[in-house]
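Q: Produce the complete structure using the sequences and hints provided.
If you use the numbering used here, the sequence shown closes out at 171, no skipped numbers anywhere.
Don't read these hints as lab results, they were simulated from the structure. Incorrect hints may appear among the rest.
Unchecked claim - Derived lysine-lysine pairs resembling BS3-like cross-links, with alpha carbons at most 27 angstroms apart: (1) Lys140 with Lys92; (2) Lys149 with Lys16; (3) Lys149 with Lys125; (4) Lys16 with Lys125; (5) Lys125 with Lys92; (6) Lys92 with Lys132; (7) Lys149 with Lys132; (8) Lys67 with Lys16; (9) Lys112 with Lys125; (10) Lys16 with Lys92; (11) Lys16 with Lys132; (12) Lys67 with Lys112.
If you're wondering where the values come from, they're calculated on a predicted model, not measured in any experiment.
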Amino acid sequence: MLNREIVELLNEQINKELFSAYLYLGMADYYADQNLDGFENWFYVQAQEERDHAMLFRRYLQNNDEKVTLLAIEAPSNSYDVYEAPLAASLKHEQFVTASINNIYAAAYRDKDFRTMEFLNWFIKEQGEEEKNATDLIRKFELFGSDAKGLYMLNQELLGRVYAPPTLVFN
Numbered sequence: 001m002l003n004r005e006i007v008e009l010l011n012e013q014i015n016k017e018l019f020s021a022y023l024y025l026g027m028a029d030y031y032a033d034q035n036l037d038g039f040e041n042w043f044y045v046q047a048q049e050e051r052d053h054a055m056l057f058r059r060y061l062q063n064n065d066e067k068v069t070l071l072a073i074e075a076p077s078n079s080y081d082v083y084e085a086p087l088a089a090s091l092k093h094e095q096f097v098t099a100s101i102n103n104i105y106a107a108a109y110r111d112k113d114f115r116t117m118e119f120l121n122w123f124i125k126e127q128g129e130e131e132k133n134a135t136d137l138i139r140k141f142e143l144f145g146s147d148a149k150g151l152y153m154l155n156q157e158l159l160g161r162v163y164a165p166p167t168l169v170f171n
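A: Here it is in structure tokens:
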């Protein structure tokens with residue numbers, strides 16, 4: 001049986017992950033409107049990842065006989081003036097998610113909830129990858145985005161991103 005605070009934090013994390021999916025779908029839509037289908041694809045894949053992260057948190061609660069409480073998902077604000085704005089917003093958002101997961105981990109550590117700590121280890125590693133991917137994309141855009149040919153090539157590269165769902169089993 002999990003500590004009530006941890007159950008609440010995990011339910012809130014489900015909401016944050018689903019919000020992330022909405023946020024990234026909105027970013028994908030922005031790039032679709034700009035005819036940048038590679039950038040659209042990159043954020044669409046990102047949205048799929050976030051949705052599946054929410055499902056992993058949901059399954060973890062269910063596997064521990066805890067009630068999943070779905071909260072209202074806030075509508076994201078997806079108004080951007082320049083191509084690089086969603087890139088910076090995505091890095092900032094990933095840093096927010098990392099802090100949230102670290103907060104859950106700290107609560108599990110205080111409670112000596114080793115099972116939840118083990119569960120969160122994958123997400124901690126994943127968030128490191130998420131922040132690196134966002135940072136790398138910003139750097140590539142800074143290098144190539146101001147040149148039409150460079151932007152075209154970067155867009156083509158991003159078009160090749162595919163999603164492979166996680167194959168994790170958690171108790």
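Q: With reference to the structure, classify each hint as holding or not holding.
A: Hint check:
Distance check on the hinted pair: lysine 140 and lysine 92 sit about 17 angstroms apart at the alpha-carbon level, within 27 angstroms; holds. With a CA separation close to 37 angstroms, the supplied pair lysine 149 and lysine 16 exceeds the 27 angstroms bound. Restraint check for lysine 149 and lysine 125: the C-alpha separation of about 35 angstroms exceeds 27 angstroms, so the hint is violated. For the hint linking lysine 16 to lysine 125, the alpha-carbon distance of about 18 angstroms falls within 27 angstroms, and the restraint holds.
As the CA atoms of lysine 125 and lysine 92 are separated by approximately 17 angstroms, the hinted pair is consistent with the 27 angstroms bound. A threshold of 27 angstroms between alpha carbons decides the hint, and for lysine 92 with lysine 132 the separation of about 12 angstroms falls inside it, so the pair holds. The straight-line distance between the Cα atoms of lysine 149 and lysine 132 is roughly 25 angstroms, inside the 27 angstroms bound, and the hint therefore holds. Between lysine 67 and lysine 16, the direct Cα distance comes to roughly 17 angstroms. Compliance with the 27 angstroms bound is thereby established for this hinted pair.
Pair hint lysine 112 plus lysine 125 holds up; C-alpha atoms about 20 angstroms apart against a cutoff of 27 angstroms. Between lysine 16 and lysine 92 the CA atoms are separated by roughly 14 angstroms; this keeps the pair inside 27 angstroms, and the hint holds. Between the alpha carbons of lysine 16 and lysine 132 the distance comes to roughly 20 angstroms, so the proposed pair stays at or under 27 angstroms and holds. Between lysine 67 and lysine 112, the direct Cα distance comes to roughly 21 angstroms. Compliance with the 27 angstroms bound is thereby established for this hinted pair.
The structure shown violates the earlier hints numbered 2 and 3.
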